[in-house]
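2 protein chains.
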Amino acid sequence: MSDFTKTKSLFHLPEGMIYLDGNSLGPLPKAACDHVSDMMRDEWGKLLITGWNKAGWMQMSTDVGDRIARLIGAEPGHVITGDTLSIKVYQALASALELNPTRKVVLSDNGNFPSDLYMAQGLLKSLGPDYELRVVNPEDVAENLTADVAVMMLTEVDYRTGRLHDMKSLTALAHEKGVITVWDLAHTAGATQVDLAGSDADFAVGCTYKYLNGGPGAPAFIYVSPKHVAQVRPALSGWLGHEAPFAFDLDYRPGTGIERMRVGTPPVIALKALETALDIWDMVEMADVRAKSIELCDLFISEVEARCPTLTLASPRDGQKRGSQVSFHFADGFAAMQALIARGVIGDFRAPDIMRFGFTPLYIDNSDVMAAVAIVEDVITNNLWDRPEYKIMGKVT
Amino acid sequence: MSDFTKTKSLFHLPEGMIYLDGNSLGPLPKAACDHVSDMMRDEWGKLLITGWNKAGWMQMSTDVGDRIARLIGAEPGHVITGDTLSIKVYQALASALELNPTRKVVLSDNGNFPSDLYMAQGLLKSLGPDYELRVVNPEDVAENLTADVAVMMLTEVDYRTGRLHDMKSLTALAHEKGVITVWDLAHTAGATQVDLAGSDADFAVGCTYKYLNGGPGAPAFIYVSPKHVAQVRPALSGWLGHEAPFAFDLDYRPGTGIERMRVGTPPVIALKALETALDIWDMVEMADVRAKSIELCDLFISEVEARCPTLTLASPRDGQKRGSQVSFHFADGFAAMQALIARGVIGDFRAPDIMRFGFTPLYIDNSDVMAAVAIVEDVITNNLWDRPEYKIMGKVT
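Those protein sequences? They're chains A and B, same order as listed.
Per the working numbering, numbering through the first sequence is continuous, rising by one, with the last residue being 397.
Per the working numbering, numbering through the second sequence is continuous, rising by one, with the last residue being 397.
Looking at chain A on its own, in the form it has when it is part of the complex (with noise of 0.2 Å):
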């Protein structure tokens, strides 16, 4: 059973602040400071250019990222770190898309985050006229998995209301229908209890800054089916994915597994950051934390519901079809959001009305819900977002 005593007290969590935003950014573990300046000082200080053999910098990219294919049901050897959440998705369509040549559209849908769109638009145009990215409601995704669909590249929750796709099924139609599949774990790692293997999924990828708790910009992760990884060539072929780096030949050849997704040279100081916060999950089971935040977030809705009648939910109510956040419609939700910055309940805000909630049992109890929701309760119902005071202290990020 998992100890979120814990894991909570190796977090340092600001005095006087609810921290309600890891879904953005986790915070700080405590031990991250020594970890990196311990690191900087031994192993860049003192062995310099032969860290990359001595200190194990070379295996960093793979080493963290078995540590998180544990946290996202992928097999051993077939997640590996590095770059931005964006450069994966790209990396992770441009193979895809060679997997299914006799098709050229990519299905998305507009729940997706901005970012993945941006990156298929810019990949798409690269690739020629012929391809198109195809954009639909939600819900809408199962019956547009047409016969010229190469790739159904989805977040597994939506950003704004944490509305969860179901990735099991949504996988196992699309490939009934002969369509490869791309899902970005963005607010699903560490959030809820992902099963990649036991989906079947083809590709998947991920950021560490949410609720892995890496620190801010920390390094991205992608993962490739066994089934695919030998298969796949991976456009951004740096020479880190070449089967032997150090020979220099002129020509690219993939390296063996999930080594050929690595580009450049690994970010090795801020996975050193992100090594600390994987030592806390591994202290945990995600079948608990995935239990744990849900009724972290019922708890939430039921409180919020009962005191402030005029702040409508807008995520599933039910917990199995939701992520690990707990969004709200309030028309003055922008100001209202600032009020509850300044009164320490740190949220944010979605356009046009989304009050958004992040419930991360790592580091949030039942205790911390009940504190969040009594100040929820006083800037409602005492509309104290008119109040200058409030104005001028809250900023929203």
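A few of these clues could be false.
[Stated by the list, open to error] Derived DSSO-like pairs (lysine-lysine); straight-line CA-CA distance at most 27 Å:
#, chain 1, residue 1, chain 2, residue 2
1, B, Lys-125, B, Lys-54
2, B, Lys-30, A, Lys-46
3, A, Lys-321, A, Lys-177
4, B, Lys-8, B, Lys-321
5, A, Lys-227, B, Lys-125
6, B, Lys-30, A, Lys-54
7, B, Lys-6, B, Lys-30
8, A, Lys-104, B, Lys-104
9, A, Lys-168, A, Lys-125
10, A, Lys-54, B, Lys-8
11, B, Lys-46, A, Lys-6
12, A, Lys-8, B, Lys-54
13, A, Lys-104, A, Lys-125
14, A, Lys-125, B, Lys-54
15, A, Lys-46, B, Lys-104
16, A, Lys-46, B, Lys-6
[To be verified] Derived DEER-like restraints, expressed as beta-carbon distance ranges:
#, chain 1, residue 1, chain 2, residue 2, range
17, B, Pro-352, A, Thr-256, 17 to 27 Å
18, A, Ala-351, B, Pro-226, 29 to 39 Å
19, A, Ala-331, B, Ala-247, 15 to 25 Å
20, B, Asp-251, A, Gly-344, 32 to 42 Å
21, B, Glu-243, A, Gly-178, 31 to 41 Å
22, B, Gly-178, A, Val-136, 42 to 52 Å
23, B, Gln-231, A, Gly-128, 14 to 24 Å
24, B, Asp-34, A, Pro-76, 31 to 41 Å
25, B, Asp-249, A, Gln-193, 24 to 34 Å
26, B, Asn-53, A, Ala-331, 42 to 52 Å
27, A, Ser-169, B, Asp-34, 45 to 55 Å
28, A, Ala-247, B, Val-136, 17 to 27 Å
29, B, Leu-250, A, Gly-198, 27 to 37 Å
[Stated by the list, open to error] One side only, chain A facing chain B, incomplete, derived with CB under 7 Å:
#, residue
30, His-12
31, Cys-33
32, Arg-41
33, Leu-48
34, Ile-49
35, Leu-85
36, Ser-115
37, Ser-126
38, Gly-215
39, Leu-250
40, Tyr-252
By construction, these hints were calculated from the structure, which means they are not laboratory data.
On a predicted model such as this, the values are computed, not experimentally measured, just so you know.
All residues carry an ideal CB built from backbone N, CA and C; glycine is no exception.
Since the structure of chain A is provided, determine the placement of chain B on it from the hints.
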């Protein structure tokens, strides 16, 4: 006048080591550990998500880019940091090709770093069979600027020999022939006096972990000429290159200037480490660095040639035609470099027979050169690489 005694005092240089591998990985600036851990504690730890605005994280890609711009002769506001060099090569090449749409050949040379060639191969394969990567000998580039060449993609310094291309004359010739230029400054940024604006270069890319001392896996940078930046389409069109990232539009619209070449979330922790290194760079002028570098290299060449006649100079003898490294051919170079490393002289080896030594005025001075020469002489003239103690201790990276 740049004070290199001062700059040397600001780096951590291990006792008993003469570090001549700054062309692979620069050493640790002493202030970097505290600068990074302070940022982690005070910004990530205390500001959390609000750090993007309150701590200026969102501006770091361009702020740091501007500081690099001065070192490479670029116009302010035209350099942005992020990603890895391999990704930036891809990004520059993809944009460059679209500026010259009727031509399909990318010209490079076999002295280019292999990763650049690999990235080009990956991109051109995606673009289709009309595209071709044409790789010639470095000395044959000019005569191969034929009417079918769209882009000339070169690394200014040959990573093996240190041979320096003439950026200004090759760029002028390329333009005369209707060819767009992409320059990789991996071995020149912080090493030679690059003049991007004066050379009328179209695109340039580089890394910051070599001469710039940003740390293992530090972020890369990209430069786009003012004459192109408003026209280029970013193939890697991520949300932080969008004109209005937080509008969360479904369609990509490029940012107005160099911001469009930003892709995903900036690597804040890594950028903080790089900032510390740039604090040192702020103290010097590149003209002084270049003059001192040539002096150090010339001294090393003349002393080694006088004492070790079995080593043959692989680098240009003329300092103006050489980067900030010196390479020698030596049949037993691999073993000899192991022995040198065991004795504290850190250079590196590149197949088949090149012993490579980098000279970095920020922290290497004449006395270091003379101390290194004495050890090289001892190892080479006494065949010390055959001694088992050196084989055991030495480890080539």
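Discussion item. Of all the hints numbered above, which does this structure not satisfy? Sort the numbers upward.
Written reply: Hints 1, 9, 14, 15, 26 not satisfied by this model.
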